[in-house]
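Given next are the chains, with one letter for each unit.
There are 2 protein chains.
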Amino acid sequence: MEIREIAQKAKKVSFGLTSISTEIKNRTLLTAAKLIDEKRALIKMENEKDLKTAEEKGLSKAMIDRLLLNDKRIKGMIDVLYDVAKMEDPVGSVIKMWKRPNGLKIGKMRVPLGVVGIIYESRPNVTVEAASLCIKSSNAIILKGGKEAINSNRILVNILKEAADIEGFPPEAIQFVDSTDRSVVKEMVQLDEYIDVIIPRGGEGLIRFVAENSRIPVIKHYKGVCHVYVDKFADLEKAWDICFNAKVQRPGVCNAMETMLVHSEIADGFMPEMIRRFKKAGVELRGCERARSYDSKYIKPATEEDWYAEYLDLILAVRIVDSLEEAINHINTYGSHHSDAIVTENYTNGMRFLSDVDSAAVYINASTRFTDGNVFGLGAEMGISTDKIHVRGPMGLEDLTIPKYIIFGDGQVRE
Amino acid sequence: MEIREIAQKAKKVSFGLTSISTEIKNRTLLTAAKLIDEKRALIKMENEKDLKTAEEKGLSKAMIDRLLLNDKRIKGMIDVLYDVAKMEDPVGSVIKMWKRPNGLKIGKMRVPLGVVGIIYESRPNVTVEAASLCIKSSNAIILKGGKEAINSNRILVNILKEAADIEGFPPEAIQFVDSTDRSVVKEMVQLDEYIDVIIPRGGEGLIRFVAENSRIPVIKHYKGVCHVYVDKFADLEKAWDICFNAKVQRPGVCNAMETMLVHSEIADGFMPEMIRRFKKAGVELRGCERARSYDSKYIKPATEEDWYAEYLDLILAVRIVDSLEEAINHINTYGSHHSDAIVTENYTNGMRFLSDVDSAAVYINASTRFTDGNVFGLGAEMGISTDKIHVRGPMGLEDLTIPKYIIFGDGQVRE
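In order, the protein sequence lines correspond to chains L and D.
For what it's worth, my numbering labels the leading residue of the first sequence as 1, then goes sequentially.
For what it's worth, my numbering labels the leading residue of the second sequence as 1, then goes sequentially.
Watch out, some of these pointers could steer you wrong.
Identical copies carry no separate label here, and so any pair may be met within one copy or between two of them.
Straight-line distance between alpha carbons at most 20 Å, and here's what the computed SDA-like set of lysine to any residue pairs gives [to be verified]:
1. 108 - 88
2. 99 - 83
3. 108 - 372
4. 86 - 100
5. 96 - 355
6. 279 - 290
7. 12 - 329
8. 105 - 356
9. 44 - 70
For the record, the hints were derived by calculation from the structure and aren't laboratory data.
So here's chain L without its partners, still in its complex pose (with noise of 0.2 Å):
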């Protein structure tokens, strides 16, 4: 089937989703959950399929990692689908109403996006969490993954049709573009008549890819270099273990730290034992000149690239400031807009950094790492935006509506 054929089904049949009862879609959900759990061993042996290949075409391990389907990640769709199952449905809530002098009572009611593309690498995880969001937000979805997981892909979407299907779910509002082909993601971001959102996830590459060519609306973020500011009023002790778990937790995530920044009056008690955990951890250090002072052995010299690297990598830059402001201002003009932190005991300046920081996470005495739509409370996550309109930060179930205006007149005209 031709890209355009798929995404005028998807939108054809979106149309009559927003009436389809929350009993159906939870109904669905728990079917899919039931299906994979009883289907493992048919998911296993196609996901074998993309494992050898991978192996064959000498894919890093790392990838290999990202794609095998084994128990646990099996088990962690199945709690994907129990959870969404549970979470309340949001279309059709109105979250505001009002009368207008001339009696028209106007209100702002969640409706679904109407047809979701997402474009995804590697971890075919992904076509279970997104697939699940937008069945319950009354979406269609188009599911264009990596050519390196499309046999497990393939399947888990024949899982989520067959569900579908069993429970009065139209199985056509789950579109699978059984492609290996590139070039259909080029045609798939201009179809701006069918598709609604953009949603591309994985390498920046693929992302500028996607964002340069799409005439439809991307949800998207590039990357995510994150900061933790240790304030001249930090707990030593919150701010050693803050950015110890920030930088080292796991390192290779888009929520890690990758500049740490230290006010030049809390540097001498900060720097040495913080260098110290570093040390043992591996972790490699680039920092200005006043930083590679506590120990220009250990430390490399950053240069301008670093303040704007994401490493993905035990590598952390590192630098000495003079004020929140220079803080606040390094993040800004450096950062990504993604996830930061500062480790204050003062009110004010916690309060300002929360304030002026223009980033989707903004966080006071707390490790960058917690961004992530399942931490925050908000079910699993279609991705994550640091633009700046519809969603910042993790994209969760309700970010898969809108509000549109209902009015409930009596036969008023307008004068």
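Position chain D against the provided structure of chain L, taking the given hints into account.
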């Protein structure tokens, strides 16, 4: 000044706007109102230049009328400034806050979008409307008006900047593209590093050009193909009044009705009187075969193109349908997802229409002509969106903000 330099300046100043007090913002608006009142003669003199050029170039009467700034329109701008000053400041309001099991308190706080680029044609009033909304919502704005209004726009921007300067609001937050060169638009919409959202207002050509070339998220509507559906259970008096108002009261605007749908079982009672009224008002009708049967001399045959047409004139397409479903299907297929109304006394049909018509504003028993930020009670409007993300319908003050996540911890790290 180059557009890139303008955008850089706007971005730079935007980070500090979040912490400007509501009082300073309101005083800026009120002082601008006062200055516009005082400098009325100067404004008219500059406007006169634009009017003269327009006449020399032989612009249409309608175009010239849109350019004109007379006392009534100057009062309109002053009123907008007073209205926006009175509105509640959305910046900093926390719309939700919850606690996670690990003790993290997570909230969603409204913050400005950052830098708003508006590209508009003709009406110089838009300069004041757009700037006032951006001042109040702590956004920097880049104003790119049409070349036909360059002198009027320039003097208005200068007055706004003067008011900002007097009251301590950074004047650089109001940037004016003082150029009549159209190629600047193409360059402007590529500057995604500095501009957070683009709002094009004007003809469909301008909007398509912006949407196709922009790398920045665009909030827009191409056109308004609005419908009134006269249900089988309509109150005839209401139906006649609403249809007449929606078509005739101001046919040149995007919320006027372009297609009327009539249920076959009420058509005999409804059509003759409706035709009589439209005839009297000089409305040209184009109908399906069944509609034409009510007056085949007066009603011309409609072609497939008529169902898609935005006439912006005293022309109306008419179709007889056999069911509510057929009406909804017609609207979702041919419409522009702007504003659509049902006239009915039947509760279930009304609620079904509200839920299933995929438009920014859906009405029961009222004219589509009400879709307008001011009429809805949102104050002035930045534009109207028929897209599915960020905002549907009139874009008001609150839509110039977006919630970011704020997280209060006391040392939490991720396990």
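Consistency of the hints with the structure:
no.: 1; hint: 108 - 88; result: both (18 Å within a copy, 19 Å between copies)
no.: 2; hint: 99 - 83; result: between (37 Å within a copy, 18 Å between copies)
no.: 3; hint: 108 - 372; result: between (28 Å within a copy, 14 Å between copies)
no.: 4; hint: 86 - 100; result: between (37 Å within a copy, 17 Å between copies)
no.: 5; hint: 96 - 355; result: between (26 Å within a copy, 16 Å between copies)
no.: 6; hint: 279 - 290; result: within (18 Å within a copy, 83 Å between copies)
no.: 7; hint: 12 - 329; result: between (48 Å within a copy, 10 Å between copies)
no.: 8; hint: 105 - 356; result: between (37 Å within a copy, 19 Å between copies)
no.: 9; hint: 44 - 70; result: within (7 Å within a copy, 74 Å between copies)
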